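Dock chain U against the given chain H, drawing on the hints supplied.
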Amino acid sequence: MALIANDILQDVSLALVEPVVSTTVNEAPTAGADRTLTPAAGMKGIYVGANLIYGTGATEEIITVKTVAASSFTADLVNTHAASETLKGATFPSGQTDHPLFTQNEMLAYLGAVQNQYLLKVRPIYNTATKALSVGTRNYTQPTTTIRLERISIADKPLLNTSMSDLDLLQPGWPAETAPPVPTDWFQDKIDNEKYGFFPMPQVGETATLWFSEKVATALVLNTTLLLPDAFAHFLKYGVLSRAWSKDGEQRDPMRAEYCDRRFQFGVMLGQKFIQGIGALLSQRLPPQSMFRRFPLPAEVGVG
Amino acid sequence: MATIADLENAVLQRLEEDTASPKFWSVQDEIRPFLVEAMSEIALITGEPEIRRSALFTLTTNTRIFPVPTEFIALLRMEGPKFIEKVSLWELDQMVPDWEGEANADQPKAWFPIGLTRFGLYPKLTADNQVFLTGVALPVTAARPYAGTEAVQFQEEFQEGFTEYAAHVARLKEGGNEFVQSIKQYDRFLSRAEELSHFAIRKGSLRFSRAAGVPAKITDVEQR
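Chains H and U supply the protein sequences, listed in that same order.
By the working numbering, the letter at position 130 of the first sequence is numbered 130, and the numbering carries on one by one without gaps.
With the second sequence counted from 1, adding 304 to any position gets you the working numbering.
Chain H on its own, in the form it takes in the complex (with noise of 0.2 Å):
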């Protein structure tokens, strides 16, 4: 099954000796705002301004602590839940409110880099979209979940991918051509970030399948699924935790942020050399692979 985003930040929190939440409430609250919640397994890495995965299934939401007592906490609640509904969340408890060390947010935010990063690097994730074509209009806005188009179809045939540079040598005249109606090429060269156009200029209403490697575009929370299969999942643990490590304060370990650091770069290369081998790219090839390492952790780091 689908990991979470809250699964990978239990196992960082784990990783650095935070306490996580994982109970169950044993009231049966109704949904509505300032409802008491007592967690059965007590109130350890329960804050204000904490955030939880309260339920499962139909009745699943993420709350925010309220307010804390010695043996409950406050929240407001969208759904209606039964006794004994599970209660979980890697909350980053130490410090908190005042000094914390690592803040829910700012956990969320590495998570998301680091599998944007892995997708990026490793492109194992595709889907498709469909785009209108207006007629007179060259330029589209790709996706916002695209890190890379790699084909485009009208009418079942694909698209050659050209470029600006390469019409403007074969064809100077192409920006004014207007047949045939239907485009054969595009590019993504020479107009804005994240576009991509259309040779010749649509003069129909067509539909353009989109195939493109695919990204998280918007903010985690705890209950967001990762787009990352599960297999690979491990590895943005390890991302997480080098930047957990890297960042100043008291928690800062190089030695630890340079083996997670290695140990995701390794997950990275393993991730290239499984989808190469099993064909997976749309694109026919990848840049050049970094070298295998045996040892994620180089004999000559220092210890302390």
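If you're looking for bench data, these hints aren't it; they were derived computationally from the structure.
These figures come from a predicted structure and were not determined experimentally.
Any given hint might turn out to be false.
Stated by the list, open to error - Taking lysine to aspartate or glutamate pairs in the DMTMM-like style, the calculated list, with each CA pair at most 20 Å apart, reads: (1) U/K327 with U/E482; (2) H/K157 with U/D402; (3) H/K273 with U/E498; (4) H/K157 with U/E406; (5) U/K488 with H/E250; (6) H/K273 with U/E354; (7) U/K507 with H/E194; (8) H/K273 with U/E406; (9) U/K477 with H/D156; (10) U/K477 with H/D253; (11) U/K413 with H/D156; (12) H/K44 with U/E499; (13) H/K157 with U/E395; (14) H/K157 with U/D397; (15) U/K477 with H/E258.
Frame of chain H; chain U shown alone:
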């Protein structure tokens, strides 16, 4: 077949933890996920385990793109009833530019991977068709938290590698000398992965091939 629970105590012993009530590491939240992590990593290194899905997969009418079943990391082969050739999207565009417009009532002529999570069909079918799929299996498909009853889909001689990996990763939170000295455990895991790779290549060297074409050389099995 062994389960994750069968490997837990070996990990705890390597960590000098009380196997009855461990203090510093959680079996459910740390040891078991580390064992699953080890199996995932060895699956990516070796392409094992390779499984043939017993349940038929339905290729539905007039559909070009299908999701890869979640029990696979990657799809390797399709048959139903004949072997269905694996190609690439790039090859189809070059060799059969009008391929997207074709439709055929019989079994498909070819399939192509679209990343890891989807695959495409050529041509589209005008009637449902059922096929057997073979792929690299996701070692553990159960959701977290792991119960310990999840099967370990690898032969016994490779399982010590998983306990070594889990013990090494567990010591990451100790840091310092304690962690550096555990690198040797990770090395033993990689050594097991290397052995499994040799076995995987002996079984089927075309596992990692873009298309099931003529191999560059015959495998050890074929030569024998």
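Results for each hint:
no.: 1; hint: U/K327 with U/E482; verdict: 17 Å, holds
no.: 2; hint: H/K157 with U/D402; verdict: 6 Å, holds
no.: 3; hint: H/K273 with U/E498; verdict: 15 Å, holds
no.: 4; hint: H/K157 with U/E406; verdict: 11 Å, holds
no.: 5; hint: U/K488 with H/E250; verdict: 28 Å, violated
no.: 6; hint: H/K273 with U/E354; verdict: 17 Å, holds
no.: 7; hint: U/K507 with H/E194; verdict: 45 Å, violated
no.: 8; hint: H/K273 with U/E406; verdict: 33 Å, violated
no.: 9; hint: U/K477 with H/D156; verdict: 54 Å, violated
no.: 10; hint: U/K477 with H/D253; verdict: 11 Å, holds
no.: 11; hint: U/K413 with H/D156; verdict: 17 Å, holds
no.: 12; hint: H/K44 with U/E499; verdict: 45 Å, violated
no.: 13; hint: H/K157 with U/E395; verdict: 14 Å, holds
no.: 14; hint: H/K157 with U/D397; verdict: 9 Å, holds
no.: 15; hint: U/K477 with H/E258; verdict: 14 Å, holds
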